Amino acid sequence: MRRILVVGASAAGLSAAETLRREGYEGTLTLVGDEPHPPYDRPPLSKQILASEWERDRLTLRSTGELDALELDLRLGTAATGLDLDGRAVLLADGTRVAYDGLIVATGVRPRRLPGDGHAHVLRTLDDALALRDRLGEGRRLVVVGAGFLGAEAAAVARGLGAEVTLLEPAPVPLGHAVGAEVGRVLSAAHLEHGVDLRTGVTVREVTGGGVRLADGELVAGDEVLVAVGSLPNTEWLTGSGLTVGDGLVCDEYCEAVRESPGPTKSPGPTPGGVYAAGDVARWHNPLFGASMRIEHRTNAAEQGMAAARNLLHPQARKPFAPVPYFWSDQYGMKVQAFGHLRGHDEVTVVEGDLAERRFLVAYRRGDHLTGVLAVGMPPKAIRGWRQAVAVRSTWRDAVPATGVL
Amino acid sequence: MRVELDEPKCVAAGQCVMASPEVFDQRDDDGVAILLEEQPADELLDGVREAVAICPAAAIRLVDQ
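Sequence lines, in order, name chains A and B. First residue of the first sequence: 0, per numbering that gives the first Met the number 0; consecutive thereafter. First residue of the second sequence: 0, per numbering that gives the first Met the number 0; consecutive thereafter.
Don't read these hints as lab results, they were simulated from the structure. Treat each hint with caution, since some may be false.
[Unchecked claim] Computed cross-link-like contacts, DSS-like style, restricted to lysine-lysine with a CA-CA straight-line distance of at most 25 Å:
{"no.": "1", "chain 1": "A", "residue 1": "Lys380", "chain 2": "B", "residue 2": "Lys8"}
{"no.": "2", "chain 1": "B", "residue 1": "Lys8", "chain 2": "A", "residue 2": "Lys318"}
{"no.": "3", "chain 1": "A", "residue 1": "Lys46", "chain 2": "A", "residue 2": "Lys265"}
{"no.": "4", "chain 1": "A", "residue 1": "Lys265", "chain 2": "B", "residue 2": "Lys8"}
{"no.": "5", "chain 1": "A", "residue 1": "Lys380", "chain 2": "A", "residue 2": "Lys334"}
[Claimed, not checked] Below, a sample of chain B positions facing chain A; criterion: calculated Cβ distance under 7 Å:
{"no.": "6", "residue": "Gly13"}
{"no.": "7", "residue": "Asp27"}
{"no.": "8", "residue": "Gly30"}
{"no.": "9", "residue": "Ile53"}
{"no.": "10", "residue": "Pro55"}
{"no.": "11", "residue": "Ala57"}
{"no.": "12", "residue": "Leu61"}
{"no.": "13", "residue": "Gln64"}
[Unchecked claim] Quick list of simulated restraints, FRET-style, between CB atoms:
{"no.": "14", "chain 1": "B", "residue 1": "Glu42", "chain 2": "A", "residue 2": "Glu54", "range": "35 to 43 Å"}
{"no.": "15", "chain 1": "B", "residue 1": "Asp63", "chain 2": "A", "residue 2": "Arg1", "range": "27 to 35 Å"}
{"no.": "16", "chain 1": "A", "residue 1": "Glu54", "chain 2": "B", "residue 2": "Val62", "range": "17 to 25 Å"}
{"no.": "17", "chain 1": "B", "residue 1": "Ala40", "chain 2": "A", "residue 2": "Leu75", "range": "34 to 42 Å"}
{"no.": "18", "chain 1": "A", "residue 1": "Pro286", "chain 2": "B", "residue 2": "Glu42", "range": "46 to 54 Å"}
{"no.": "19", "chain 1": "B", "residue 1": "Pro20", "chain 2": "A", "residue 2": "Gly23", "range": "23 to 31 Å"}
{"no.": "20", "chain 1": "A", "residue 1": "Asp367", "chain 2": "B", "residue 2": "Ala40", "range": "42 to 50 Å"}
{"no.": "21", "chain 1": "A", "residue 1": "Asp93", "chain 2": "B", "residue 2": "Glu6", "range": "40 to 48 Å"}
{"no.": "22", "chain 1": "A", "residue 1": "Arg20", "chain 2": "B", "residue 2": "Glu6", "range": "21 to 29 Å"}
Just so it is clear, the structure is predicted and the values come from calculations on it, not from any experiment. Cβ atoms here follow ideal geometry from the backbone N, Cα and C, with glycine treated the same way.
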């Protein structure tokens, strides 16, 4: 392989590029990114950057010297617009065509938006975060639509800056579907204690000039609106390419993209040259949980970038990508940490600590297995032990003996 | 080679401890990473490079001294 192209210059793309070099790949390595900035870190955007605790230079993922050492053909500020799968080339917005022998797709996601004429902030890029931070402060009224982790973090930071915050959420309990109602209520209580006007069970119809309009017609007034209602994978440039797209670029357990089936009796076969995907955009089969997943977490971007790069480079020694997903969230001084596959759980049980004291570890059961844990304020050694139990596919009965299903 | 840990950046994920338990640990109270070996032996460097790569806060660097 003499030419490898990585499309997407954020955490996953950078991780893939670095892994290729670390594993001895010496050919041309092109890294394409649609933003003008060199690779930077996103989790602090809704935390330290929004709070003005850090300046932007703290986000840089690698120094200029470290990037230079990778000897990249670096093309920033240029989006990919199309893929010629059989011709093994990617088309860029500036009109160039980049031929490759191997391709890694790491184009990430973009925020979902809401209808309406008013201006609404989103929070995905550095420019988004700086624009919102300029508009926050003492007495400013911020309406946050969506009480997921991103909306919750932004609400917490905005309260810390003295803004008046209304947090709107369609579900009865924020994050209930993701982490369970019990944990969701702990997080809700923190919002209320800190003076956030949390309103659940409300649907926003549109963004107006002075706030947002709810489904029942009520206007919720605000000086600024932040829409944090999830993301859409950036796969439009792959439409019609022959790769399978469906809430992400569909991949097998090796993170190799799956071709569209040419017919009911024909096998699609492997991708020419090898097309792999990593990070927020990749929907792949995680054999550890036997489930199709698309994970928008920072650690997954780095780990999957490494896995995709290794599998592309060593086709005779590919390994399934079977991680224990991990995420964390900082809200009002609470650090929430979770390992595993929490969505779609059948049962949640407190196995250590106490929810009311905000120092606890809860375990998630799906079928007969322990599939995830979430901790707030627990010592790291305790959390690591539970993570290990998830990683080895412990049964619920073995992992949670005191409350195991009988 | 010398390991540098940017402690204020650390998010206490513990990924470094899993990748390289000989070189990293975590504080009990808040989980922030601790550097056990500032100049690890050569046979530990692969684990350290893994830790550098998967640290979700990009808080670890391996530098030529």
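Each hint tested on the structure:
1. A:Lys380 / B:Lys8: Status holds; Cα separation ~20 Å.
2. B:Lys8 / A:Lys318: violated (31 Å)
3. A:Lys46 / A:Lys265: violated (50 Å)
4. A:Lys265 / B:Lys8: violated (51 Å)
5. A:Lys380 / A:Lys334: Holds - the C-alpha atoms of lysine 334 of chain A and lysine 380 of chain A are around 15 Å apart, at most 25 Å.
6. Gly13: holds (5 Å)
7. Asp27: holds (5 Å)
8. Gly30: holds (4 Å)
9. Ile53: At about 5 Å, which falls below the 7 Å cut-off, the nearest Cβ of chain A leaves the hint on isoleucine 53 of chain B intact, so it holds.
10. Pro55: The hint holds - proline 55 of chain B has a Cβ within 7 Å of chain A, the shortest such distance being about 4 Å.
11. Ala57: holds (5 Å)
12. Leu61: Since the shortest Cβ distance to chain A is 10 Å, the answer is violated.
13. Gln64: violated (15 Å)
14. B:Glu42 / A:Glu54: 35 to 43 Å: holds (39 Å)
15. B:Asp63 / A:Arg1: 27 to 35 Å: holds (29 Å)
16. A:Glu54 / B:Val62: 17 to 25 Å: Holds, since glutamate 54 of chain A and valine 62 of chain B (Cβ atoms, about 23 Å apart) stay within the stated range.
17. B:Ala40 / A:Leu75: 34 to 42 Å: The hinted range 34 to 42 Å holds for alanine 40 of chain B and leucine 75 of chain A, with Cβ atoms some 38 Å apart.
18. A:Pro286 / B:Glu42: 46 to 54 Å: Violated, since proline 286 of chain A and glutamate 42 of chain B (Cβ atoms, about 30 Å apart) do not stay within the stated range.
19. B:Pro20 / A:Gly23: 23 to 31 Å: holds (26 Å)
20. A:Asp367 / B:Ala40: 42 to 50 Å: holds (43 Å)
21. A:Asp93 / B:Glu6: 40 to 48 Å: holds (41 Å)
22. A:Arg20 / B:Glu6: 21 to 29 Å: holds (28 Å)
In terms of the numbered hints stated before, the structure departs from hints 2, 3, 4, 12, 13 and 18, listed from lowest to highest.
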